[in-house]
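Undergrad: Chain by chain, the residues:
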Amino acid sequence: MTKNPSEAPPIVSLSYKKGDLIIKEGDYGVSIYKILDGEVSVYREAEGEEIPLATLGTGDIFGERAFLNRADKTRSTSVRAMEDTKVEVWHTARLSREYDEIPPIIKYVIDQVMSRSIRMNNLIVQLTTKQQKEKALREKEDPMASKRRFYRKKVDLSCRYRPVSATSKFNLDGRIKDISLDGLALKVMRRNTIDVSHETGDIFIINTVLPNKKDVELEAEVVSVQQSQMPDDLEVSMLITDISAGSKKSLGFFLMP
Amino acid sequence: MDVGSLLSAYMADQETYKSGDVIIEEGTKGDWVYIVLEGQVKVTKRTAVGMLTIDVLKKGSIFGEMALFGKALQARSASVIAADGDVRVGVFETRQLIEDYESLSLELRSVIKALIMGLKESNEKAAALVVAANEKGPKN
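Those protein sequence lines, which keep their order, are chains G and L.
Final position of the first sequence in numbering that gives the first Met the number 0 is 256; the numbers increase by one with none missing.
Final position of the second sequence in numbering that gives the first Met the number 0 is 139; the numbers increase by one with none missing.
Treat the hints as calculated values from the structure; they're not laboratory data.
Predicted model only: the values in this text are computed from it and were never measured.
Hints should not be assumed to be uniformly reliable.
Stated by the list, open to error - In silico DSSO-like cross-links for lysine-lysine, where the CA-CA straight-line distance does not exceed 30 Å:
1. L:Lys44 <-> G:Lys247
2. L:Lys119 <-> L:Lys57
3. L:Lys17 <-> G:Lys85
4. L:Lys124 <-> G:Lys23
5. L:Lys44 <-> G:Lys17
6. G:Lys132 <-> L:Lys58
7. G:Lys106 <-> L:Lys112
8. G:Lys17 <-> L:Lys124
9. G:Lys16 <-> L:Lys58
10. G:Lys176 <-> G:Lys132
11. G:Lys134 <-> L:Lys119
12. L:Lys124 <-> G:Lys139
13. G:Lys132 <-> L:Lys124
14. L:Lys112 <-> G:Lys132
15. G:Lys106 <-> L:Lys57
16. L:Lys17 <-> G:Lys17
17. L:Lys58 <-> G:Lys106
18. G:Lys85 <-> L:Lys124
19. L:Lys124 <-> G:Lys72
20. L:Lys17 <-> L:Lys57
To be verified - Covered stretches of chain G (in silico footprint by chain L; criterion: 3 or more residues with CB under 8 Å from a CB of chain L, positions within the stretch not fixed):
21. 199-210
22. 219-225
Claimed, not checked - Have a look at the derived ranges for each label pair, beta carbon to beta carbon:
23. L:Ala74 <-> G:Gln226: 30 to 38 Å
24. L:Gly29 <-> G:Ser157: 16 to 24 Å
25. G:Gly58 <-> L:Glu25: 21 to 29 Å
26. G:Lys139 <-> L:Leu105: 49 to 57 Å
We put the beta carbon where it would ideally sit given N, CA and C, even for glycine.
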């Protein structure tokens, strides 16, 4: 301990193990941390979930908000070490005295930025919680949903398909059960697979007519093959690998809600 | 010192805009700091799903604050657009503001910078979340 702790106490450095909590939301505290080495995640908790707000690395500073916020000295977020992390802890007595005397205009700017920053973090928490709920709901209804980027429409369209290497005269029959701009689910008879491989990675050319009478041709790759509810049928999940501009446009129109 | 007179001492100019006018354009360089004096402005970002409004700033709000860090600065990170009727903004004497800022200790400056850069990152994150929500398509 120094004799006069109010005069620039020594900077302390601390080490945290991966996973350690460094700052806990709601706690009182005004120390400022600078990352000497490592990575931390800044997050807030909402409805039992950790909502990530930012990832910070070597050289970055955190904990500044409780210091700069004159109205609220509790931590507005939690911070956790994402890998072994070494931080420098600034005791803020001296900085605090300097802060009291900075030009009022700078203080005003800081206060305004602070309230925008709080509002933005609230928005991020809101959007993330909403999306997590929707995702949980979708996954309950359809386990594959989270892997998809686009809205998938349930359909029942007969189609003809062939391996990409086959001639256009060779065709198998199938039914498209749902389709989006980046993938589809194809129901096929098990016997189709006797002569033609339907394995992950196989590529097929698929032709169909949409309910709006538009012809669509596309190339798609098998992602997975599953037993359908009917013993003679298989369900093939596919990712679209190639589609002409015209077909894409027709499909896009058809998929519009 | 009351805020009004404090601010006016630093004000270089006042500008008025009509609803829809662009005050700051994302991607351009600029070194003015502004304050909303009358009306409201929108903070918008360009994204894959079009122009997104991520915040609305009311009277008294500051924007363009990154100009504090001086001329070496990168381009504006968001657009600011007059949102509501006639908008009047004050333009600060940036040089003076920068001088004030640079008179602070290096530590205090790095603390303030962390706050301001954090806001910029939060803006980006919020925009990205809205984009992600839109790509998943309509709710059933």
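Undergrad: Each hint: holds or not?
TA: Hints and how they fare:
{"no.": "1", "hint": "L:Lys44 <-> G:Lys247", "result": "holds, 28 Å"}
{"no.": "2", "hint": "L:Lys119 <-> L:Lys57", "result": "holds, 18 Å"}
{"no.": "3", "hint": "L:Lys17 <-> G:Lys85", "result": "violated, 51 Å"}
{"no.": "4", "hint": "L:Lys124 <-> G:Lys23", "result": "holds, 22 Å"}
{"no.": "5", "hint": "L:Lys44 <-> G:Lys17", "result": "violated, 35 Å"}
{"no.": "6", "hint": "G:Lys132 <-> L:Lys58", "result": "violated, 35 Å"}
{"no.": "7", "hint": "G:Lys106 <-> L:Lys112", "result": "holds, 13 Å"}
{"no.": "8", "hint": "G:Lys17 <-> L:Lys124", "result": "holds, 24 Å"}
{"no.": "9", "hint": "G:Lys16 <-> L:Lys58", "result": "violated, 45 Å"}
{"no.": "10", "hint": "G:Lys176 <-> G:Lys132", "result": "holds, 26 Å"}
{"no.": "11", "hint": "G:Lys134 <-> L:Lys119", "result": "holds, 27 Å"}
{"no.": "12", "hint": "L:Lys124 <-> G:Lys139", "result": "holds, 27 Å"}
{"no.": "13", "hint": "G:Lys132 <-> L:Lys124", "result": "holds, 19 Å"}
{"no.": "14", "hint": "L:Lys112 <-> G:Lys132", "result": "violated, 34 Å"}
{"no.": "15", "hint": "G:Lys106 <-> L:Lys57", "result": "holds, 18 Å"}
{"no.": "16", "hint": "L:Lys17 <-> G:Lys17", "result": "violated, 52 Å"}
{"no.": "17", "hint": "L:Lys58 <-> G:Lys106", "result": "holds, 17 Å"}
{"no.": "18", "hint": "G:Lys85 <-> L:Lys124", "result": "holds, 26 Å"}
{"no.": "19", "hint": "L:Lys124 <-> G:Lys72", "result": "holds, 25 Å"}
{"no.": "20", "hint": "L:Lys17 <-> L:Lys57", "result": "holds, 15 Å"}
{"no.": "21", "hint": "199-210", "result": "violated (count 0)"}
{"no.": "22", "hint": "219-225", "result": "violated (count 0)"}
{"no.": "23", "hint": "L:Ala74 <-> G:Gln226: 30 to 38 Å", "result": "violated, 55 Å"}
{"no.": "24", "hint": "L:Gly29 <-> G:Ser157: 16 to 24 Å", "result": "violated, 59 Å"}
{"no.": "25", "hint": "G:Gly58 <-> L:Glu25: 21 to 29 Å", "result": "holds, 26 Å"}
{"no.": "26", "hint": "G:Lys139 <-> L:Leu105: 49 to 57 Å", "result": "holds, 53 Å"}
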